[in-house]
Amino acid sequence: MTAGVLTDIREQAAQRFAQLGWPTMELEEWKYTNLAPLQRVEWRASNGDIRLHKPPEFVAFRGTPTALFINGRFAEILGEVKGVEILPISKATSHPMFERHFARYADYERHAMTALNTANAQDGAFIFVHDGVTVDGIIDLRFIGSDDGVWSHPRNLIVVGRGSQVTVAETYSGKGNYFTNAVTEIVALEGAHVDHLKFERESDEAFHVGTVQIHQERSSTVVARNVSIGGSVVRNETNAALAGEGASLTLDGLFVLAGNQHVDNHTVIDHVKPHCDSLELYKGILDEKSRGIFDGTIIVRPDAQKTNSRQVNRNLLLSESAIIDSKPTLEIHNDDVKCSHGSTIGQIDEEALFYLRARGVSHADARNMLIYAFASEIVDRMRVEPVKDAIRAAMFQRIPKGLPERRGGDR
Amino acid sequence: MLDIKNLHAGIDGKEILHGLNLKIGTGEVHAIMGPNGSGKSTLANVLAGRPRYGVTAGNVLYEGKDLLSMPPEERAREGVFLAMQYPVEIPGVNNIYFLKAALNAVRKHRGEEELDAMEFLQLAREKMKLVDLDESFMNRGVNEGFSGGEKKRNEIFQMAVLDPKLAVLDETDSGLDIDALRIVANGVNTLRSEKHSVLVITHYQRLLKYLIPDYVHVLADGRIVKSGGKELAEELEQKGYEWIEQEVAATR
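Residue numbers (numbering that gives the first Met the number 0), protein chains in the order written: chain A, 0 to 410; chain B, 0 to 251.
If you are wondering where the hints come from, they were derived from the structure by calculation, not from laboratory data. Cβ atoms here follow ideal geometry from the backbone N, Cα and C, with glycine treated the same way. Honestly, I wouldn't trust all of these hints.
With the C-beta cut set under 8 Å, the calculated list includes, among others, these residues of chain A facing chain B [claimed, not checked]:
hint	residue
1	R109
2	E350
3	H362
4	S375
5	I377
Now the in silico label distances, taken between C-beta atoms and shown as ranges [as the list claims (entries may be wrong)]:
hint	chain 1	residue 1	chain 2	residue 2	range
6	B	G147	A	N259	43 to 49 Å
7	B	E118	A	A392	22 to 28 Å
8	A	K387	B	H108	54 to 60 Å
9	B	E118	A	E287	36 to 42 Å
10	A	D203	B	E118	38 to 44 Å
11	A	E287	B	A116	32 to 38 Å
12	B	H202	A	Q346	31 to 37 Å
13	A	K81	B	A116	36 to 42 Å
14	B	G147	A	L329	34 to 40 Å
15	A	H129	B	E134	57 to 63 Å
16	A	K30	B	H17	39 to 45 Å
17	A	Q346	B	R109	32 to 38 Å
Start from the sequences and build out the full structure, keeping to the hints where you can.
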């Protein structure tokens, strides 16, 4: 791609954002989340002095390629894998895969926040897994936000070649009152297996808006997981197009919230071609005055016969002040499909809590066991142990300690 | 070991036990029998501290301490174990992980060293043999997908691991076939010693053929109305509960 073409895309995106403006709650897909507090801030890009902000505790998992971005700018890449190109996306603009796929799936014409990202992105990761390559372990992408009033627009493109297999984890964390607006495009070519995790553990004051846009070709398999634990106002969009026959998608989501957190999960699964499967499971754990949203749509196009699709949202409320909105939606345009959806809201099972305590386990430990049990369906499906450990630890940092042991039973 | 005095208790504000008295000495096995609705399960649940069960009068001393003021976990750590009538399924909580946490909480309370994973597994394997549970059960969720009999055997397995001073069996025999009944009785008999007491709560005399009690009490309408030796159980089996009910009515 010539510099001119990229400049054109960015200018178009900037113009489009100027037309669309910030999303408002009048829009159906933004009805639960108010971005007005973000609009009021005069956001500025980071001055780029990354050395100053590099966290000293940053250590790559052993043998794991790791890329670090700070305030949306490239900091460094450690490690490498055979058959895989990992570059800062700013250095990948002339790569044929960049030319073929960049900005083709994440739609800046319709989505204001994607337009904002496309117009303002400074950097992000470009990953191309060549055909027939199996990558062990994970490719670890870290995005760190720091400094009050700074916004960043990380932009990633992951292209997985025919018959290849890879696991990629993106982790977003930081310190302060910053704003991350991230977009990741994932392209699974024919027969590719992609396991993607987006782990959002931003600072308590941070804003995070992110889109993961997945494009699947024939017989590809994608498992996309979204784990949201941090941030004050968070919007997670995961959109997938099953654009080749026999493609298979698993969308897993887990959000663990407390305090006044607001996390809006918005997913669209678009069954374009026949014989595709999708399985979506989102689980929410909400404590204190937090608010969570699951707004998921499955579209089955007229040509997508023999679609098999299941969508489930389950929520565990730990406090009477927490709020969950669950809106599972099916839009089916042909009659040769198997689709189901549903959602549940529940509390800690008092019978189970008593059972554990009656064997000597403390109230707090029993409660934590049950909370973890609720999340384990999602967490245990992940294959990389250090990732599981990190999520477990972050979960229990988020949820306030269990109630102190009650004296006197229920007398 | 256990001294229940004038216990008035019930569920959700409805009184079911109307002044129950019972003393269990160390090393003794007591059986409480009674018709449905007599308050058998209420007694078991009040002793274990189950939510929704409330005590309106009376007290329970366990080894001289006020049992009713302790939260359920403290009762367990002090050595009280309830084998539940309907053990709950808890998917996602690993059976063996949970039991190790429970045992170590109990050991810590007793001032004993906590067991590491290897030591615990060794102990668990030994106790599983006792109740004829397959090792594959260890790595499943607590009671998850267990049959009725497997759940009851799991209760006795947990009891064997935790080694309580006072075991309360709440209708552990109901729904068991004769083989499972023998296994359960065998598990409890292994625990029997001069230091351990057992309270067997049952509707039927069946279990008491294998688990021979020192004392048998009949519970009717929230009170103990008759006490005797093991022969009382046989008498009840032959004559039915109506006999007792008539006898009680006559004395009023």
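To see whether the hints hold, each was checked on the structure:
1. For R109 of chain A, the shortest C-beta to C-beta distance to chain B is roughly 39 Å, which exceeds 8 Å, and the interface hint is violated.
2. Against a cut-off of 8 Å between C-beta atoms, the interface hint on E350 of chain A holds, since the closest Cβ of chain B lies about 5 Å away.
3. Because the closest C-beta pair between H362 of chain A and chain B is about 7 Å apart, less than 8 Å, the hint holds.
4. For S375 of chain A, the interface hint holds, the least distance from its beta-carbon to any beta-carbon of chain B being 5 Å, beneath 8 Å.
5. Interface hint status for I377 of chain A: violated, as the beta-carbon distance to the closest one in chain B is roughly 11 Å, over 8 Å.
6. At roughly 46 Å, the beta carbons of G147 of chain B and N259 of chain A sit within the given window of 43 to 49 Å.
7. Between E118 of chain B and A392 of chain A the C-beta distance comes to about 26 Å, which sits within the given range of 22 to 28 Å.
8. Between K387 of chain A and H108 of chain B the beta carbon distance is about 31 Å. The supplied range of 54 to 60 Å is therefore violated.
9. The hinted window of 36 to 42 Å between E118 of chain B and E287 of chain A holds, with their beta carbons roughly 40 Å apart.
10. Between D203 of chain A and E118 of chain B the beta carbons are some 41 Å apart, a value that agrees with the proposed interval 38 to 44 Å.
11. Separated by about 35 Å at the C-beta atoms, E287 of chain A and A116 of chain B satisfy the suggested range of 32 to 38 Å.
12. Restraint check, H202 of chain B to Q346 of chain A: a C-beta distance of roughly 33 Å satisfies the suggested window 31 to 37 Å.
13. Checked against the given bound of 36 to 42 Å, the beta carbons of K81 of chain A and A116 of chain B, roughly 37 Å apart, stay inside it.
14. Between G147 of chain B and L329 of chain A the beta carbons are some 38 Å apart, a value that agrees with the proposed interval 34 to 40 Å.
15. About 45 Å separates the C-beta atoms of H129 of chain A and E134 of chain B, a value inconsistent with the hinted range of 57 to 63 Å.
16. For K30 of chain A and H17 of chain B, the Cβ-Cβ distance of about 57 Å falls outside the hinted range of 39 to 45 Å, so the restraint is violated.
17. The hinted window of 32 to 38 Å between Q346 of chain A and R109 of chain B holds, with their beta carbons roughly 33 Å apart.
Against the hints set out earlier in the document, violations occur for numbers 1, 5, 8, 15, 16.
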